[in-house]
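Visitor: Letter by letter, the chains look like this.
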Amino acid sequence: MFFHIPAELLAQIDEAITHYPVSRRSASLPLLHLWQEHFGFISDESIKWIAAKLELEPIHILELVTFYPMFRRVPAGKRHIRVCRTLSCQLAGSYALRDAVAQAAGIDLTKWQEDSAHHANPEHGNPVAVSADGKYSVEFVECLASCGSAPVAMVDDLFKENIDINEAASLLKLEKSDATLPKVLPPHARERRLVFKNIDVAGYTNDLACYLKHGGYAELKKALTMTPDAIVNEVKTSGLRGRGGAGFPCGVKWSFIKRGGPKPTYLICNADESEPGTFKDRYIVHQDPHQLIEGMVISCFAVDAKLAYIYIRGEFPEGARIVEKALAEARAKGFLGKNILGSGFDCEIYVHRGAGAYICGEETGLIESLEGKRAYPRIKPPYFPAVLGLYMCPTIVNNVETLCDVKHIIAMGGAEFAKIGKPNNTGTRILCVSGDVVKPGYYEVEVGSLTMGELIYDVCGGLKEGRTLKAVIPGGSSAKVLKAGETYKVKDKTLTLEDIPMDFDTIAACGSMAGSGGVIVMDDSRGMVECLNNINEFYAHESCGQCTPCREGALWMKKITERILDGGGTERDPDMLVKIGDNIAGKTICAFGEACSWPTQSFVAKFRDEFTAKSTKESPPPMPPEYTSEELIANEKIESIPAPRGNGHEVMAPAATR
Amino acid sequence: MSTATEVQMLNVQIDGVWLQFPKGTRVIEACKQAAKFIPHYCYHEKLTSPGNCRMCLVEMGMPKMTPDRKPVIGADGKPEIGWIPRPQISCAQDVAEGMGIRTSSPMVEECRKGVMEFLLINHPLDCPICDQAGECKLQEYSVEVGQGESRFLDHKVKKPKNVELGPRVTLDAERCILCTRCIRFMKEVAKDDCIGIVERGSYNSIACHPDKPLVSNYSLNTVDICPVGALTSTDFRFKMRVWFLKEAKTIDVNCGTGANITIGSRENVIYRITPRDNDDVNGCWLPDSHRLNFKYVGDERRLKAPMVKGEPVEWRTAIAIAAEMLKAHSTASTALIASARATNEELWLTRRLIDELEIDKQHDVIPRIGEPDGMLVAADRNPNTTGAKLLDLCTNRPGYRLKKIADGVRNGSIKALVCLGEDATKAGLTEDDLKKLDALIVMDILPNKTTAHATVLLPASAWCEKRGSMINVKGRLQRLNKAVNAPGQARDDWEILRDLIQAVSGSNGLYLIEDVFKQMAAKVKEFANLSLSKIGDLGVQLLDEKKEEEAAK
Ligand SMILES: Cc1cc2nc3c(=O)[nH]c(=O)nc-3n(C[C@H](O)[C@H](O)[C@H](O)COP(=O)(O)O)c2cc1C
Ligand code: SF4
Ligand code: SF4
Ligand code: FES
Ligand code: FES
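If you're matching them up, the sequences are chains A and B in order.
Sequence positions in the first sequence follow numbering that gives the first Met the number 0 and run 0 to 657.
Sequence positions in the second sequence follow numbering that gives the first Met the number 0 and run 0 to 552.
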């Protein structure tokens, strides 16, 4: 071994393993995080050490290190800067920001781009470009769940939002994080704050004392006096629909669990928040963690789960620490652990960090990831989480916001909660608005209480000076785009885009979805090919690659939109794009198939003229030669193990510089 | 078989026809039974179903239900089916009562075309140099369901090629369709979870950790089940196009398991050995050690001519001299070492020779015992010890009498020794001991320390050059078949033995190997009513499996 493992790190490692009493393998990601935090990267030797520690084969760890982009096999710079690449940030200039940061850090990006173009075994991510002196490194990463304050970046573990591109150099010396910075904006008059009641409120802190001062854990006390069945019934009555994207009725999901069966039940909070355009869970996690914990303990009691995990995306390192601290506080005060508040109910919650993979948001991918594997979603049937979930036991996966809603349902009763919003679309929703509006941000409103037009023009202050609305993605980047000027027939009424009430059912009736609540607004200055290419790059990067249509199709669509942008579009490309989308959607293991094809299908259908205008070549550009038969037979050895992370693949030329 | 646990039969509609299947039947299997073949890549009946290739998509439906949960009956008196709007995979679900399946609707055909196109866009299309050509499911299905012209205009993803995953298996990751069959085989069957996937998305690649390569003795099974040419046998690579190979169904002789195999040969040369499905013996697997152990058959040094005292002679002469030498020795001064690698037919004739020569308890076989691997490699490395015991070529403790024979040779009480397919120096004798013998009659295929001292040397056939039967460690009677011809003047062992018996004791009326079996079946009750043809390709259970397993312990 070429490394010395300090006793402190070893203790942390051993402690992490205890969080997974069912399977040591689950500790793979935590160990990799601890290791990288200490040593800066994951060396080949460490892969073997970690595998041995967890009684696994080394390939099991290698599989993870190459799957999760946050893990590096080569050192980054002493300060590592991750700039968000995804749509809302691109609209706010993130490509120029990344270039400016690289320049300030003395990094020649073209060198890294050339290297990556010649790399026989490209790794899937954007390269970690390191300065010659090793002081700095820059990396493009996907949506950091803060699209309303774009452009954003992470400097090591610190988070920075609303970055002024002219001040890019200051990122190199960043000392303070914005992650918990309250913005102290008064709620808009149209808002109804329930879950976000304490978010960005002056003087509100994320510690237990403050939470208790605001009446915290009263609902837990109340819930513990109820029967679990009564709680499930209240949630059913409330009509609460999941806030993670699919909108499945929460009470119905819970009632799939047969209490008292031979297998234990687990509850998992989905805090992976990675759907581009979505940035709501991050505020709860950073500013009001006890609300989430209280909601979770109540939910655990209702479904008889004695062990629960919070799967938090890897890009929330501060968030993970905040939640861990809150859990410790709750444990110390008897809100968590053995015999909670004297009720006889035991419940333990642990934080589990992801490592930069969007697919971990899909509930079965999340479960695989929590089991210490590549986040490969499972086939359903037979692996419905409520039956064969974590460790093949009944498991409930709920979004952060959904679990917080549970607390409020207990507080006011299911029937009262059901009165908020509209029938079948009850409660409040946190709408996350980003892109080309004057006041992007989050707005908690009664479901359906305002229209798209009111949201954009009244609440968000309309479009920027002199601009007009062109398109809106209403529910996270995977929702089908809506075009300004379009009309929709909904129940005998004709609606314009501005007329659509922001509820689940109407948005679905207009051919898109309310999804995760992420509304991305594009004005008339935006090229739709460019926007779609940004989205396609996201999905090509995030496909887990397990099933054929998505693995092959997502990258193919991105290659075509990129070629069209580069001026190599052929006449048949627009049709081809749609056909590829058709061949993916509905034919894959998980809903990522739809998520990656809906943008392409809808952008090309609705903005066809923009695509055909750029797709005029009769034949495609020439291709590099394939291997000859002789070359193939000659026993040339090409490494079986991908070269350490560090080289990107293909061109990473920014769309914005074209 | 008891009928107490009768399996429930379910009504399933496949392409409009109602059929019945036992509960627990996979949809894809039910379709196959209904002669509706569904193309598939990742599904393998012996492995778990990951459902990742999406090739087996079909339309599926369940009976429409009335509000009180009774099936809605249509005009034809059959339940009406509510079709699921999206295609469903058929490899991971079992049939259910009233289920409907459409295997060839326009939707299904579109799905297959789409998946085929996706699989081919990043594929190198190097069929002209690919070993899998001819048995590649990618080629096969792309002709059947694909769409011919490529619509892919962009750069393909480059992946590692010519990678040694282990000492015997080579990977071309560009050809791999990531079906994970190889991974699942290693994990679920070979219990050596050493293959994984590295990278992500379109860049996914099969790999082993460099410190933990694919060394398992079952590694070549991954080559068999790889539906494309991504995994190839390093031994077979680029040697022969598979469609030129002549195939012979036979059994393995490297241990007492008797795995069922197929020998692929061309122009009398063996190129490869692959497992042949037999759920009662080896499933569809075969250890590498067994499948690669055939090179000696084509060895230059094979014994090709009968010899007497080192001089080549005609067969007639060799047999006559051998018979004369044996007759010249008394019963007490004659011993015989037979082989538990011989067929039942050969052992039966050997037994008759022992009787004609009145050899009394001075005969045995040489045992070969190794470490069993808990899977297909049996502790008994002889393929027909059971037959040798049954036909009384040895006691219940094979090799028990070898010491007595060795002592006899050493102290001069034994003067004539017959060695049939065995090297006596492996039975406790030295070359000096052998030199003391007046007569050493040896039948074998390759030179060894015993053949070097043979007074009469009779060149015989290897296991793949002849027909016959053997009984495995579990008491199953199975058939050997001929794949290639023996070299030179070498003859079939049973014919040599027949001629020897004839020369010792007169005519015996055996003209075909079938006659030998018939004669044996008339005398040995276990073989009663059987014949070589009745054994069939999959063999028959001859003895009580449990008892044989006990006895083997
Ligand atoms: C590709 C994909 C990504 C997803 N990402 C998230 C996510 O980041 N956060 C989340 O809560 N749900 C996400 N989901 C939805 C989850 O699968 C699951 O439906 C949800 O966590 C259930 O919680 P809910 O019922 O409370 O909404 C995603 C789904 C898919 C298909
Ligand atoms: S659809 Fe995409 S993300 Fe989902 S399992 Fe298939 S390859 Fe993975
Ligand atoms: S190497 Fe062959 S068996 Fe293994 S995943 Fe690839 S195609 Fe499937
Ligand atoms: S934070 Fe950059 S797009 Fe979401
Ligand atoms: S065979 Fe069914 S998905 Fe592969």
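Worth flagging that the hints you see were computed from the coordinates, not collected in a lab.
None of the values given here were measured: they were computed from a predicted structure.
Among the clues, some could well be false.
To be verified - Some chain B residues judged to face chain A by a derived CB distance under 10 angstroms, without partners named:
| no. | residue |
| --- | --- |
| 1 | 40 |
| 2 | 179 |
| 3 | 195 |
Unchecked claim - What the simulated footprint calls covered on chain A by chain B, stretch by stretch (three residues with Cβ under 8 angstroms from a Cβ of chain B suffice, anywhere in the stretch; the number is not a length):
| no. | stretch |
| --- | --- |
| 4 | 74–86 |
| 5 | 545–555 |
| 6 | 593–606 |
Claimed, not checked - In the DSS-like style, the derived pairs of lysine-lysine whose C-alpha atoms are separated by at most 27 angstroms in a straight line are:
| no. | chain 1 | residue 1 | chain 2 | residue 2 |
| --- | --- | --- | --- | --- |
| 7 | B | 22 | A | 257 |
| 8 | A | 262 | B | 425 |
| 9 | B | 190 | A | 52 |
| 10 | A | 47 | B | 22 |
| 11 | A | 379 | B | 112 |
| 12 | A | 47 | B | 211 |
| 13 | B | 35 | A | 616 |
| 14 | B | 546 | A | 379 |
| 15 | A | 616 | B | 414 |
| 16 | A | 379 | B | 31 |
| 17 | A | 52 | B | 425 |
| 18 | A | 372 | B | 31 |
| 19 | B | 414 | B | 425 |
| 20 | A | 578 | B | 211 |
| 21 | B | 425 | A | 110 |
| 22 | B | 157 | B | 211 |
| 23 | B | 157 | A | 110 |
| 24 | B | 245 | B | 211 |
| 25 | A | 578 | B | 22 |
| 26 | A | 372 | B | 425 |
| 27 | A | 379 | B | 294 |
| 28 | A | 257 | B | 69 |
| 29 | A | 262 | B | 155 |
| 30 | B | 155 | B | 112 |
| 31 | B | 190 | A | 372 |
| 32 | A | 578 | B | 425 |
Beta carbons: idealized from backbone N, C-alpha and C, even for Gly.
Visitor: Quick check: which numbered hints come out false for this structure?
Guide: 4, 6, 8, 10, 13, 14, 15, 17, 18, 20, 21, 24, 25, 26, 27, 29, 32
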